[in-house]
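Colleague: Listed here are the chains, written in short residue letters.
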Amino acid sequence: MENRHSHGLDQFCASLEESPGLAILDLAGASQSTVTFVTNYGHRLYSDDFVHQLDACFGEGDFYANQTHPRKVERFLEGALTFQDGSFDGALVWDTLQFLSPPLLQTVVERLHRILRPGSCLLAFFHSEEKIDTIPTYSYRISDHRNIMLVERGRRRPAQFFNNRSLEKLFQDFQSVKFFLTRDHLREVIVRR
Amino acid sequence: MWNRRKDEEIAFKPASAPPTPSALAKEGIPMSTLSGRTNEPHLDSPRGGSAVLGKSVIVKGQIFSREDLTIDGEVEGTVELQEHRLTVGPNGKVLASIKAREIVVLGTIHGNVETTDKIDIRKDAKLVGDIKTARVVIEDGAYFKGNIDIVRAEVPKPQPAPKPQPVASAPAPAATGTHSVAAVGGGDLKR
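Sequence lines, in order, name chains E and V. Per the working numbering, the very first residue in the first sequence carries number 4; after that it's consecutive. Per the working numbering, the very first residue in the second sequence carries number 646; after that it's consecutive.
Check before you lean on any hint, since a few could be wrong.
Listed below are several chain E residues computed to face chain V (Cβ distance under 7 Å; list not exhaustive) [unchecked claim]:
1. Ala33
2. Ser36
3. Val38
4. Leu48
5. Tyr49
6. Ser50
7. Ser169
8. Glu171
9. Lys172
Capping the alpha-carbon separation at 30 Å, the derived lysine-lysine pairs in DSS-like fashion look like this [unchecked claim]:
10. Lys744/V with Lys75/E
11. Lys705/V with Lys768/V
12. Lys75/E with Lys790/V
13. Lys75/E with Lys738/V
For the record, the hints were derived by calculation from the structure and aren't laboratory data. Since this is a predicted model, take the numbers as computed values, not measurements. Backbone N, C-alpha and C fix where the C-beta goes; we use that ideal spot for every residue, glycine too.
Given only the sequences and the hints, what does the whole structure look like? Please build it.
Modeller: Structure representation (structure tokens):
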């Protein structure tokens, strides 16, 4: 387990202080520290392990080839982010979007746009080092408003690498995109709906 | 040696070990409300009496219990133990909405759960559903998918001490009711 400072989380947490009783989506899987942190603000937390869900649908065989298989994609979308419009006031997406092939990624981002209320924040991480084949994946847990505990979950090949321009294009339907490039080749992104 | 103790008969077997015919024969009564019969080393022993649904029991319907309950079998329907603790054992599979004072999960729950005190999701447990509780504990290795709504118990506000009134201005007993009702009513309306 390692700890890292996060400017992106700091920005995200500023939005948590705006009012109590918000609904926050966390795609890292449930952890005690994140649950305690978010609920101590008086907010509700919806927790889901998005990578686990990806593995359950596309894990057998070629992970990315499976993401183009219509029936598997349909099964995945039946259980992923199926909330009513404007259900959430914030989303902690962490690094999960890196493991989606482009067509599925576009659909998932559209769903995130739909389920987030206007003005709400989304926090996502993207690796920026293009020379490596695999990147470490983590379970992300919030220690405090500026620090995250990272529990490694092995390494994975990302579907694609993103630069600022491609991220702006990905989140073009959102109001704004803000980047924080860290020393450890991680691009922290705060997207405002 | 020949008189095997009752608590040995209902001891939980590891989930991975398939039951042998002799082991099945030892299982005895799968459901009981006898006090103190649960003696599983990996489950927290309840303080008082506890009912147990053994791992070979399947229940479809409504369970209402006035004592702690351990489910190590399969339940589909609703489970209600308003003032008591529910333990879902490592073999337990519960497809139900649950209301209890406290829930400890070592097995699987699919359904919404509501407790007045605490939900404890242990390592390797799986809970898919919405949680409404005062406290939640999630161990590493547990799987949870759903909404967590922490309901904090409202602490009753201390009543402000009545202001001492000068004796001279104290109203006459006959007029007290009228005056005080008017004052209280006006104050509440303003708020």
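Colleague: Which of the numbered hints are not met once you compare them with the structure shown?
Modeller: Of the numbered hints given earlier, those the structure breaks are 2, 7, 8, 9, 10, listed in rising order.
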